Structures are given as C-alpha cells and as structure tokens.
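Undergrad: The listed protein sequences derive, respectively, from chains U and P. Under numbering that gives the first Met the number 0, residues 0 to 523 are what the first sequence spells out, in order. Under numbering that gives the first Met the number 0, residues 0 to 119 are what the second sequence spells out, in order.
Keep in mind that the hints were calculated from the coordinates and are not lab data. Here the structure is a predicted model, which is why all the values come from computation and not from measurement. No false leads were mixed into what you were given.
Pulled from the structure, derived: some chain P residues nowhere near chain U, Cβ distances all over 10 Å: (1) R43; (2) E78; (3) H85; (4) G86.
Okay, derived cross-link-like pairs now, EDC-like style, lysine to aspartate or glutamate, Cα gap no bigger than 16 Å in a straight line: (5) K55(P) to D39(U); (6) K176(U) to D127(U); (7) K22(P) to E35(U); (8) K22(P) to D39(U); (9) K55(P) to D43(U).
Glycine included, every Cβ here is placed at the ideal spot set by N, Cα and C.
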Amino acid sequence: MLFGVIAAIAVIVVAVVVVAKVLYDSLAESKKDACENFSDKPVDEPVEPCPLAGKDEDPFIVVVEYLDGTDDLELGSTGKQFVNVTRDAKWVDGSTVKNIDRTSHKPRFKVRFNKPGCHPFKVKFVPDGSNNAYTGTEIGRNEKFDYQKDEKSYSTDGDGTKVVENDFFVAAAGKDKYKLEAKDDYGHTVSSKEIETHRLIYCQEIKMKDLSTIATSLSTLKSEYAKHNITLHALSNLEIDHLPNIGSDSEYTALKNSARTAYNGSTAPSKEPYVIAVLYTDHLAVKNSNKQLSKSAVQVGPGKPVVRIPIRGVGLRAGDGMDDRALWQDIIPDESWFVSAKFLKNGGVAGTDDIVIAEAKCSAVSGSWAGNNKYCDLVDIDVTGLPVHTGTITLVVNWVDRMRAGLASGSGSNSVTICTRAWWQNKNTASQNEVMVHEIGHMVGMVADGTGNKPDKTAKQYTDRGHVGSHCHSGLALRASFSSGSNSGSDCVMFGSTNGKSAFCSDCEPAVKKVDVSSGWSRF
Amino acid sequence: MIVIRKDQQEQLAALGRIQFFDKLEIHIEKFFPDHAINLDKEQRIALFEYGLERGKKYDFISERNVCLFIDLMLAFGLEFDISPDHGWAKKILADSGQNHPNVKMDALHEAGMNSLKQQF
Numbered sequence: 000m001l002f003g004v005i006a007a008i009a010v011i012v013v014a015v016v017v018v019a020k021v022l023y024d025s026l027a028e029s030k031k032d033a034c035e036n037f038s039d040k041p042v043d044e045p046v047e048p049c050p051l052a053g054k055d056e057d058p059f060i061v062v063v064e065y066l067d068g069t070d071d072l073e074l075g076s077t078g079k080q081f082v083n084v085t086r087d088a089k090w091v092d093g094s095t096v097k098n099i100d101r102t103s104h105k106p107r108f109k110v111r112f113n114k115p116g117c118h119p120f121k122v123k124f125v126p127d128g129s130n131n132a133y134t135g136t137e138i139g140r141n142e143k144f145d146y147q148k149d150e151k152s153y154s155t156d157g158d159g160t161k162v163v164e165n166d167f168f169v170a171a172a173g174k175d176k177y178k179l180e181a182k183d184d185y186g187h188t189v190s191s192k193e194i195e196t197h198r199l200i201y202c203q204e205i206k207m208k209d210l211s212t213i214a215t216s217l218s219t220l221k222s223e224y225a226k227h228n229i230t231l232h233a234l235s236n237l238e239i240d241h242l243p244n245i246g247s248d249s250e251y252t253a254l255k256n257s258a259r260t261a262y263n264g265s266t267a268p269s270k271e272p273y274v275i276a277v278l279y280t281d282h283l284a285v286k287n288s289n290k291q292l293s294k295s296a297v298q299v300g301p302g303k304p305v306v307r308i309p310i311r312g313v314g315l316r317a318g319d320g321m322d323d324r325a326l327w328q329d330i331i332p333d334e335s336w337f338v339s340a341k342f343l344k345n346g347g348v349a350g351t352d353d354i355v356i357a358e359a360k361c362s363a364v365s366g367s368w369a370g371n372n373k374y375c376d377l378v379d380i381d382v383t384g385l386p387v388h389t390g391t392i393t394l395v396v397n398w399v400d401r402m403r404a405g406l407a408s409g410s411g412s413n414s415v416t417i418c419t420r421a422w423w424q425n426k427n428t429a430s431q432n433e434v435m436v437h438e439i440g441h442m443v444g445m446v447a448d449g450t451g452n453k454p455d456k457t458a459k460q461y462t463d464r465g466h467v468g469s470h471c472h473s474g475l476a477l478r479a480s481f482s483s484g485s486n487s488g489s490d491c492v493m494f495g496s497t498n499g500k501s502a503f504c505s506d507c508e509p510a511v512k513k514v515d516v517s518s519g520w521s522r523f
Numbered sequence: 000m001i002v003i004r005k006d007q008q009e010q011l012a013a014l015g016r017i018q019f020f021d022k023l024e025i026h027i028e029k030f031f032p033d034h035a036i037n038l039d040k041e042q043r044i045a046l047f048e049y050g051l052e053r054g055k056k057y058d059f060i061s062e063r064n065v066c067l068f069i070d071l072m073l074a075f076g077l078e079f080d081i082s083p084d085h086g087w088a089k090k091i092l093a094d095s096g097q098n099h100p101n102v103k104m105d106a107l108h109e110a111g112m113n114s115l116k117q118q119f
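Turn these sequences into a full structure, and let the hints steer you where they fit.
TA: Put into structure tokens, the structure is as follows:
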C-alpha cells in the first residue's frame, strides 16, 4: 500500500517535471516563430494599407540588451562580467565565464527597433547606486577606474538594429552593476538587464614533495576573495622536488627555477597574464650567520658549573630591535647552529691564549617557548674540561633571524610562496589560507598606498616599520616598529605578521573591490 | 482623389484577421501539437477570438503579441493573466508604466518561461 502511494507520488512528480520541460521548450521555439513570422501590424488592420488611413506608425525602439555570446543572443538575466580579462574565448568555460561577451570591461550590446531602417537613438549606462565610488585622484591616476559616463548617439543599420562594441566600458572594480538605457526620438525608452562586475584570477598550486603537511582546501582563500567578486579558479596541481628551506636569494632562485619548469609544462601559461602560482614550501627561515656572543667573568675548570649564554641580538631588518633568537638547527640537514667557541683567561692575549671549546661541550637548550623543544635560545657550555681560570667565553653561532609565513614575488611577477612549517611546527590549512589571502592581497595591489594604478591610500596603511612592504595596522595604533611588542588587537589579514585573521578589515575591503588587476602578472 | 467606403475597409480588416488566424493554426499545430489535436476548427477560432479580445486589455493588438499571448494561454490556461496561480503575469500586466506593448510582452513571456524552469 505504502509502496503504491510512493510510486504514485513519484509518477506525478515526474509528470509535472516532464510537462514543464515540454512547455518550456515549446514556448521558447514558438517565440522565435512569433517574432519571425508575425508582424507588429495590428491584427485588425486592413490587409492592404489604406492610403487614407494615415501615415505609417513611427518607428520605435524595442530593445537595448547586452549581447550574450553572439550578435543574435541577448542577455537573459543578470550577467557576470569579468572586467579584468581581455575579450578572448580562452577565458570561457561555460560555467564561471559563460561566453565571450562576459569577458572584458567593454560589454557589447544591441539595440533593436520595431522595423527596418536607420533610426537614431541615444544610449547611456545607468550605474547602480551602490557601485564603488572612485575619487577624482584615483581616476586621474588610472583611467580604468572610470566608466563610460557619456550618453552617446547612434543610428541603427538598415535592418533596424545596431550592435555597439568598444565604446562603452565599465570600471575595474568588482561588485559594480550597470544597466543600459536607450531612447528613440519619439519618447520611447527601454532598459537592459544588468551586468555585475567580477574579476578572474587563475590559481596554480605547485607543491613540494614530502612536505609534512599542506593545505587541503583553498575554501577560505576563495571565499574571502569571492566577497569582493574576485574569482580564484584553481588549475590542476603541480609537484616539484623538496627543498628544506627557502631563506637566501640562491635558495629562492632554486625554488623558482624548479617551480618554473613544472609551470612551463602545465596549462598555466595559457591563462597568463591572469595566473598566480602558489608555491608551497617547507620552512621560509632566514638565517643570521656568524653571530658572536660573549660572556665575561666566567669561572672555568673542573667542578665548575655549566656556563649558560642567552641567544639574543638585533635582527637583520631595519627597525628590528634586540630580541631572543632561536638557534639555527634542524632546518637544513647537516647545517649546524654551532660555529665556534673559545675561552680567554683574564689578562690573556687574544689569538695566543685562546682555548678552543669543542662543539660537543656546547648544548642548545630550549628556553622561552615551552612545548617547542626545537626552539632553543640558550646555549649551555660544559667548562669542566678547561684549566682553572676566570675569563671570557666567546661563542659564535648561526641563529634564526625570522621565520616568514609567505612571500609575494613582487615587481609584477606572478608567484606567492607559502610556508607549510614555521618554527618547526606544521601550519594547518587555516593558517596557510590566511597567508595566501595576505600574499595574494599584495599581488592585487594591497595595501593600497595611493600610488601608481592603485586606489587611494587606505586609512591604516603603513610601510615597513619592522615589516617589509605595505601593510595595514587596523586595530592597532601606529608604531615605529611592529616587529616587537604586542600585536594583539590587529584585525586585518593585511597586517605585516600573521594574526589569525583571514579577512580584509573594513578599511581595506573597499580597496580590494576597487583594485585594477587588468594588467595581470608576468611569469615568475 | 480616391475614396474607400467604410464597409470596404471592414471587409479588408476581416480578411486580415482570417489570414492571421490561418497562420496561428499552423503555429499552434507546430508548437503545441498536444493542444491543437484536441481542438476542432471552431474551437480554434473561438480560442483565437478570445485571445485577441483578452489581449486588447493589455494593448496586445499586433500579430506578434496576440500570437504570444495565445501561446501563454495554451501553456498556463485561458485566464492565466488573472489567475492567482500565476502571480508573475498579474504583476507584469498590472504595471501601467510607459513600456511599449512589445517590451511588456517580452517581459511576460520571459516570466512565464522562468516559472516553468523552476519546475525542472
């Protein structure tokens, strides 16, 4: 019984769907027939026009509409217009980018009159009231921040239609909406459907082999940019050999060479210049080599206690202050933190009376970072094997200047580098996505500082100050340096160090919507 | 100078309507065969007359617009324009804006298509 009822319901549902589809197709086809074979003549008008019945009806404008793939197809509902890319079929995938008319910042449109002939008309954009507002200085710096504000006059071709291309352009921003409004000389006005502006960027992930962890999803990254109508379209992953650390220029060059080989053989070049390569690496640690530390008035000899030397010093970047530093260990195989150690008794002659202390007598000790036994910012030295004296121990070590979470290649080049491990600990998917949002933020022109093709300077923009490049200090007061001290309260993903935020702050959001990414990037 | 009498004008108009109905018959047989097969000649003419008169209320008097109006009647029912089941039609037809009848008909047709699309 129950089965029968369920079956009957299923049959009814299927029948409804089938009938709807059949009617839909019938209506679609019948409209073409109606438009082609049934005229605009009133049904009850005499068969032959009566010469005394009055003059012909004035021509009137019937349609202004964005085109949707061909000269005969008109946009049926709101269209996603990808304004950064060039007009080219290679961006069209049928889903994200529906057809070639949805590419470029110059959407084509068509005007139709009710009858053939050359009929004059005027047309203009009607931008939505919520569109991004560019300032005069922004438009002065970058003409792509402007849209076609003029009402323009045209005349239809002899068939009573006109396709307009190239004359009408929209601004570079995302989330802007534009309708067209056209009017004939007889007081008839028609409006088009709406286009909404988007930007398209291809994301080419390049993953090192044998990484202990790697982002399993780009959903946070994609959704943050989607908020601002930037679509990040992931291409098929690529793989390269493992490199233990990217710190020096030569290591970075080696990484890029390896990644470029993989990239060159992929589909990514065909999507240039709108590709950003995301290079996942192990550590992005920067070494500070041969740093000398001394401790005086130490007593050495049998029975004397271990001498402990804190690893502290000034960082490499301008503005970096004195801070604890971690010894350079377990980052690159066979590369040690230890350089040398020696003892010089009080009154002894340097270079003559020095006593070398063997590496085996020096131990790295974890100190200030509980739970992270790789983070060693102390060295204990066993001095019991030395003759009894009082004097100075001089220790030379390599230490970690800083661990970078990510890098943007800069200079218009199209790669970002994302570390999967920092301070010897794995970075989870959320952390890696946070860094990707940040680094790709740099790629698209954030944090805008009011120069070049970028939008005006955002309210909390700062340059360097203990970080490298242009960042946002939203949530924090401006300081001489952000490289030390508490950064608690920072609430923008574009702050210069990681803060757990993966979204743009309210100051940066408008700029992300406004940025012009139409130039794209060159191959790294 | 040439003149034409009122009765002559009316005859010409009637002829135009007949020719229009002939074209409509071919049209519905082609695009709505399941409906057409159930209507004899008289019923078809009655349907066309009904659609013609009903469409006039909305300024649908051209061949094109009357044809499309009758198509919608076949798809959604003879009184779809006032039926509470088809609020999209009432909404568009109630709009007394300055739109030309062709524009209004295009909007009506598109709304009808969209309502069907939601069912599959």
